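One letter stands for each residue in the lines below.
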Amino acid sequence: MEAALLIGLNAAWQIAALALLALGLAIVFGLLRILNMAHGEFVMLGAYAHVLTAQAGLPPWMALPVCIGFVGLAALAVERLVVRHLYDRMFDSLLATWALSILMREAVELVWGRAYRNVPLPVEGVTQLGPVGYPSYRLMVIALIVIVFFALWRWYRRSLTGVRLRAMVSNPALARASGINTARLSAMAFVTGCVSAGLAGLILAPVLAVEPNMGLDALIRSFFALVVGGLGTLEGLGIGVAVVGGLQAGLSAAFSQTAGYLGVLILAILFLWRRPDGLYRRR
Amino acid sequence: MGSIVAVNAALALALLAVPALWGDFMAWQIGLYLLYGVAAQGVGLAWGRGGFLPLGNAVFFGVAAYAAAMVLNATGGALLPNLLAMLAIAGVLAALAWGLAALVFHGRSDSGPFFSLITLALVLIVAQLAETNPSITGGFNGYAGFAPLAGLDPYGNLYYAIVALVVAVSLSLMALDRLPAGLVLRALVAQEGRLQLLGFATNRVKAWAFAGAAFITALAGTLYASHQGIVTPQATGFVLSAELVIWAAVGGRLHPLGALFGAVAIGLLSAELRDILPWWEVVVAMIFLLVVLLAPGGAAELVARGARALGWQRRIPQPAPCPAPSSRAAGATGALRLEDVQLHAGAVHILRGLDVSCPESGILCVIGPNGAGKTTMLKAITGAMRLQSGRILLGERDITNAPIHAALDAGIGRKMQIPTVFGGLSLTENLQLASLAGRARAGDFLHPATLGWQSPALARLMAHPAVPLAGLSARDAGSLPQGHRQLLELGLTIAAEPQILLLDEPTAGMSPEETALMVELIRDYQAQTGAFVLVIEHDMALVAALDARVLVLHQGRNLAVGRLDEVRANPAVAAVYAGGEK
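Read top to bottom, the protein sequences are chains U and C.
End of the first sequence = 283 in this note's numbering, gap-free, step of one.
End of the second sequence = 582 in this note's numbering, gap-free, step of one.
Chain U extracted, bound-state conformation (with noise of 0.2 angstroms):
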């Protein structure tokens, strides 16, 4: 009863954390076409948020605003520079976007080095669950990304904003004959999805090995997610997040971390194969 309890949190944290992680990813892809092969790099910043608001002498706490502000910027730039020029040429943005992560890890690697960091957590302790004790912080992460999904789950399907990216996703070029602006609205949706990723590795720092090339694992990890549950939906990046983070956790608690790895690429391969779309099709 105990040891099902605690395989059972640590798979619900695997895909809370996964669905943190992966959230940004899938905005970029989704609303803009764009694999941004720098997502990872942008959940990097974001863990090194906590660094630089070391550096400057500030409180912990500012470390949200300080992500917030740091990962944006550098999100915006990087539109505005790179991506936008890019829209509807999905080989030619990866390309570009792969060069930009290798350029933000070798920045990030001159400015702070290549030594690991530790970040502390910001809350310590452990909750008791019944006969489980388990850490505080990690049941804190699974309740906010429970509701930040459904928040912006609802958001999409019922806002005005949803309705106008909705339309730019269905139909760019009648999206603009109508009176949407595209170009900000694109914008808007790749600053947010860069700004989800820094959060994303704000929030995990504290659980990730904190280094320039942490960025790759997340990216990966985040796209076999989108592979598995359909890429460019919210329903499906929940249920990728579910099956790839469940399948991790069960194949590294059972063997090891490299044939978790190793399994879930062997069932993205499959799934690209055999059901290109995913699992969720929007009918």
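These are calculated hints, taken from the structure and not from any lab test.
Remember, predicted model here, so these are calculated numbers, not experimental data.
Keep in mind that a hint or two might mislead.
[As the list claims (entries may be wrong)] Just a sample of chain U residues kept apart from chain C, beta carbon distances all over 12 angstroms, derived: (1) Pro65; (2) Leu73; (3) Met90; (4) Phe91; (5) Ala96; (6) Ala99; (7) Ala107; (8) Met140; (9) Ala151; (10) Arg166; (11) Ala173; (12) Leu174; (13) Ser256; (14) Ala268; (15) Pro276.
[Said to hold, decoys possible] Cβ-Cβ distance ranges computed for the label pairs, FRET-style: (16) Ala271/C - Asn213/U: 57 to 63 angstroms; (17) Ile7/U - Tyr160/C: 43 to 49 angstroms; (18) Leu174/U - Gln29/C: 56 to 62 angstroms; (19) Asp340/C - Leu129/U: 56 to 62 angstroms; (20) Gln417/C - Trp112/U: 37 to 43 angstroms; (21) Ile147/U - Val303/C: 56 to 62 angstroms.
[Unchecked claim] Take a look, some chain U residues computed to stay more than 12 angstroms from chain C by CB distance: (22) Leu5; (23) Ala54; (24) Pro59; (25) Met62; (26) Asn118; (27) Thr127.
Just so you know, even glycine gets a beta-carbon here, dropped at the ideal spot from N, CA and C.
Start from chain U and add chain C according to the hints.
Quick look at chain C alone, frame taken from chain U:
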């Protein structure tokens, strides 16, 4: 072939002079960048000729290096067994690469970005495996203590083995560009959809490009083991993978030697500057980004542009014309029949129980208002869109939902509504591709004489005095005006002499004279081959000129069939076109 041999002889001489001019240590250093350069040439092959970008190609380099090191250890470096082992290692990795690419590109042509990420994941996983299994790979410390290939001194004679590999790979890649196989690869990057309609399973074409990339990269990896005397997880790492891409991009992915020069130039510069300038790696990344955004062809393209500006023209020798073997598409028989075809695209119900029976020979015009499902019907026949239910038959053969590339061998040729030709390839190259479609077998792609094949149907069209394509043989097909392109695409489609020819608005954008020519060419093709020709058309004058039976489609159903005057008199047809009671 002369210029290829000359270029490679010059390359060999220049490389052989390195030890004498700059000493053994410099040769050792350049040897390393040459090996990286060969690996980058592999990336260049997949990217420039396959059209997809492997972000984890170091996986082949590193795994081959580990495998070669283990064989060297077991055999004490003996020459012959190790040479055979190197080929076997590269062969096995190439076969794995073939399978992976064929799977991921199966059934969809837009999975390039996904493929890139999968190769990236592979390299991360393999590096992790290498780090976490020290009993096999030596872990972080690396695998060492083996004898080099044939006892060659890494700081001495091994360099000449590396030069031999470099020249062999460069020669092969440059020769490939002159072969039909190379032409097919360039066509794949230029216009994948048309290549499928010419009967090529493009996922397999990509698989061959990736297998070639893996083979070359792995060969470089096997020599790397002897050169370094140690193999560490970095040899299969994502950092090296990224560098391979940077070298290929900056050097130029479209030229066989671009990646090689990119690797040697950036490698040597980095060796000099890395320790002096702490921000050197940032500069390299910046250069890569600028190349991607501003000069996608890299340095090789800039050099080629400069050479053209100075008036240097590359002359490619043309093989002697010879008659092409018979086409598989011409031998197909049987009438085309659609039975109760239902097809949805998302929420839109396009074909709603379409029944069409075509004759085995003759011309049928298909008319109908916009949205009637005319183009969708052609897509269903060629397998470009899947039916939800119903059947499509060719004689007794069921071809429902067959893949697009199978259509030509079944005898079906399709001309698109917006003409698709191989832009970036010359007119001659377009015609060469068309002449081998449906005729070439595996071995023919490696035989230069195949490029001289003449399709009778295509030759007839080109010889027509009114067809304005003669004399444009060196022109980029993508720069031709619309009317020329329509005629060229007709040529590409009829070259294999398909027994069922599907033409989607063949005269769109044409002048009255060109339209009359098109009608003449269609009727001529039909009379010569006895084929069945289906023409989608809006222009009633043209329908009358073709003097054929007419099929009226409306809302995904067959509304009326008959001669033009019969159809005109049909009240249901009049209601659709002019409005009125239904």
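These are the hints, each one checked on the structure:
1. Residue placement check: Pro65/U keeps its beta carbon more than 12 angstroms from all beta carbons of chain C (closest about 27 angstroms).
2. Distance check for Leu73/U against chain C: the nearest CB is about 18 angstroms away, which clears 12 angstroms, and the non-interface claim stands.
3. Interface exclusion of Met90/U from chain C breaks down, the closest Cβ pair being 6 angstroms apart, not more than 12 angstroms.
4. Chain C draws Phe91/U into its interface by the beta-carbon criterion, the shortest separation being 6 angstroms against a cut-off of 12 angstroms.
5. A Cβ of chain C approaches the Cβ of Ala96/U within 12 angstroms, the least distance being about 5 angstroms, so the stated non-interface status is violated.
6. A cut-off of 12 angstroms between C-beta atoms contradicts the statement that Ala99/U is not in contact with chain C; the least separation is 4 angstroms.
7. For Ala107/U, the requirement that its beta carbon stay farther than 12 angstroms from each beta carbon of chain C is not met, with the minimum near 6 angstroms.
8. At roughly 30 angstroms from the closest C-beta of chain C, the C-beta of Met140/U stays outside 12 angstroms, upholding its exclusion from the interface.
9. No beta-carbon of chain C is positioned within 12 angstroms of the beta-carbon of Ala151/U; the least distance is around 28 angstroms.
10. Even its closest Cβ contact with chain C, about 14 angstroms, leaves Arg166/U beyond 12 angstroms, as expected for a residue assigned away from the interface.
11. Against the 12 angstroms criterion, Ala173/U stays outside the reach of chain C, whose nearest CB is about 17 angstroms from its own CB.
12. No beta-carbon of chain C comes within 12 angstroms of the beta-carbon of Leu174/U; the shortest separation is about 16 angstroms.
13. Consistency note on Ser256/U: stated as away from chain C, yet its beta-carbon is not over 12 angstroms from all of that chain's, at 8 angstroms minimum.
14. Distance check on Ala268/U: its Cβ comes as close as 7 angstroms (rounded) to a Cβ of chain C, failing to clear the 12 angstroms threshold; non-interface status is violated.
15. A Cβ of chain C approaches the Cβ of Pro276/U within 12 angstroms, the least distance being about 5 angstroms, so the stated non-interface status is violated.
16. With their beta carbons about 22 angstroms apart, Ala271/C and Asn213/U fall outside the hinted range of 57 to 63 angstroms.
17. Checked against the hint of 43 to 49 angstroms, the C-beta distance between Ile7/U and Tyr160/C comes to roughly 59 angstroms, which is inconsistent with it.
18. Hint check: Leu174/U to Gln29/C, Cβ distance near 59 angstroms, so the stated range 56 to 62 angstroms holds.
19. Distance hint check: the CB atoms of Asp340/C and Leu129/U are about 59 angstroms apart, consistent with the given range 56 to 62 angstroms.
20. One distance hint, 37 to 43 angstroms for the beta-carbon pair Gln417/C and Trp112/U, is violated here, with the actual separation near 55 angstroms.
21. A C-beta distance of roughly 58 angstroms is found between Ile147/U and Val303/C, which places it inside the suggested range of 56 to 62 angstroms.
22. For Leu5/U, the non-interface assignment is confirmed: its Cβ lies about 30 angstroms from the closest Cβ of chain C, beyond the 12 angstroms cut-off.
23. Chain C leaves Ala54/U outside its interface by the beta-carbon criterion, the shortest separation being 23 angstroms against a cut-off of 12 angstroms.
24. The claim that Pro59/U lies off the interface holds: its Cβ sits roughly 31 angstroms from the closest Cβ of chain C, which is beyond the 12 angstroms cut-off.
25. Listed as a non-interface residue, Met62/U keeps its Cβ farther than 12 angstroms from every Cβ of chain C; the least gap is roughly 28 angstroms.
26. Every Cβ of chain C is farther than 12 angstroms from the Cβ of Asn118/U; the closest lies at roughly 22 angstroms, confirming the non-interface assignment.
27. Even its closest Cβ contact with chain C, about 33 angstroms, leaves Thr127/U beyond 12 angstroms, as expected for a residue assigned away from the interface.
This entry does not satisfy hints 3, 4, 5, 6, 7, 13, 14, 15, 16, 17 and 20, going by the numbered hints stated previously.
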